[in-house]
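Colleague: Each chain is listed here by its residues.
Number of protein chains: 2
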Amino acid sequence: MSQHPIELLIQKADKAINQEDFDTLINIYADDAILVIKPNVNATGKAQIKEAFGKIADYFEHTLDVKQAEMKILETGDTALVLAKTIVSAKNYPTVERRATYVFKRDTNGGWLCAIDNSYGHDLLESDKQSA
Amino acid sequence: MSQHPIELLIQKADKAINQEDFDTLINIYADDAILVIKPNVNATGKAQIKEAFGKIADYFEHTLDVKQAEMKILETGDTALVLAKTIVSAKNYPTVERRATYVFKRDTNGGWLCAIDNSYGHDLLESDKQSA
Numbered sequence: 009m010s011q012h013p014i015e016l017l018i019q020k021a022d023k024a025i026n027q028e029d030f031d032t033l034i035n036i037y038a039d040d041a042i043l044v045i046k047p048n049v050n051a052t053g054k055a056q057i058k059e060a061f062g063k064i065a066d067y068f069e070h071t072l073d074v075k076q077a078e079m080k081i082l083e084t085g086d087t088a089l090v091l092a093k094t095i096v097s098a099k100n101y102p103t104v105e106r107r108a109t110y111v112f113k114r115d116t117n118g119g120w121l122c123a124i125d126n127s128y129g130h131d132l133l134e135s136d137k138q139s140a
Numbered sequence: 009m010s011q012h013p014i015e016l017l018i019q020k021a022d023k024a025i026n027q028e029d030f031d032t033l034i035n036i037y038a039d040d041a042i043l044v045i046k047p048n049v050n051a052t053g054k055a056q057i058k059e060a061f062g063k064i065a066d067y068f069e070h071t072l073d074v075k076q077a078e079m080k081i082l083e084t085g086d087t088a089l090v091l092a093k094t095i096v097s098a099k100n101y102p103t104v105e106r107r108a109t110y111v112f113k114r115d116t117n118g119g120w121l122c123a124i125d126n127s128y129g130h131d132l133l134e135s136d137k138q139s140a
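Line by line, the protein sequences give chains A and B. For the first sequence, position 87 (counting from the first letter as 1) is numbered 95 according to our numbering, and the numbering increases by one without interruption. For the second sequence, position 62 (counting from the first letter as 1) is numbered 70 according to our numbering, and the numbering increases by one without interruption.
Fair warning: there could be bad hints in the mix.
When chains are identical, the list treats them as one kind, so a pair holds in a single copy or across two.
[What the hints assert, rightly or not] Calculated lysine-lysine pairs in the DSS-like style (CA-CA distance at most 27 angstroms, straight line):
1. LYS93 - LYS46
2. LYS23 - LYS54
3. LYS80 - LYS54
4. LYS99 - LYS58
Read the hints as simulated data drawn from the structure, not as lab findings.
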């Protein structure tokens with residue numbers, strides 16, 4: 009079975025994150041995309057997202073490895089929801105599995121761009137409770 | 009704090025589901041919306057979604073009660089991702105808590121419509137594994 013174009017984009021994004029190729033990475037995002045950096049802290053727009061990935065790379069001492077273990081795509085018209093199991097590992101850090109949620113939308117050329125990148129999924133709700 | 013317009017729409021949808029007011033309910037969905045009826049079974053478009061809610065009401069013997077216990081909205085431009093804890097209860101059925109994911113998009117009048125209604129969240133990935 010051929011891969012969904014969004015699956016290929018996410019593979020490209022993961023490779024770009026792991027290689028710290030932020031110029032390639034940022035082209036996968038819409039101009040007004042939101043990245044959840046950590047619960048209750050978001051980056052909005054390409055400049056902030058690029059800066060955030062630079063800081064994340066520094067934080068993990070340039071050993072970050074991100075990959076998707078499983079993925080399901082619900083697509084309709086110009087909108088798609090991706091549900092993924094994302095494996096985040098790095099040297100000297102415990103490997104974490106996240107239940108990520110991504111929203112993609114079609115650009116005017118019919119290609120897909122990431123509009124909302126929330127690798128924390130429903131953990132955002134838990135963090136609300138802890139800080140309340 | 010005033011409520012997000014999407015939160016009000018979801019409240020309206022829950023009330024319409026519980027009252028079996030499917031004409032009101034269907035107006036909250038985009039023309040090409042997807043509803044996940046159960047893992048690997050989707051309804052697409054207003055006619056199929058309306059039919060599905062009728063069958064769901066029958067299945068639960070007209071005692072279905074749906075409400076959102078918690079909600080987080082990530083919004084950018086014309087796209088929004090909702091992460092919710094959804095409580096589904098009915099007479100003679102155990103109450104279930106689902107980690108729901110909804111995608112809304114703006115219509116041409118600036119209002120919001122539900123494009124993807126997946127109350128099962130990441131359970132879709134688990135069901136893939138079981139049927140593999």
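Colleague: Given a CA cutoff of 27 angstroms, do LYS80 and LYS54 count as a within-copy pair, a between-copy pair, both, or neither?
Modeller: Intra 26 angstroms, inter 23 angstroms, cutoff 27 angstroms: intra and inter.
Colleague: Reference check for the pair LYS23 and LYS54, CA-CA at most 27 angstroms: within, between, both, or neither?
Modeller: within (18 angstroms within a copy, 39 angstroms between copies)
Colleague: For LYS93 and LYS46, with the copy left unspecified, which applies at a CA distance of at most 27 angstroms: within, between, both, or neither?
Modeller: Classified as both; 17 angstroms inside a copy, 20 angstroms across copies.
Colleague: Tell me, please, which holds for LYS99 and LYS58 at an alpha-carbon limit of 27 angstroms: within, between, both or neither?
Modeller: within (22 angstroms within a copy, 51 angstroms between copies)
Comparing the model with each numbered hint stated earlier shows that all of them hold.
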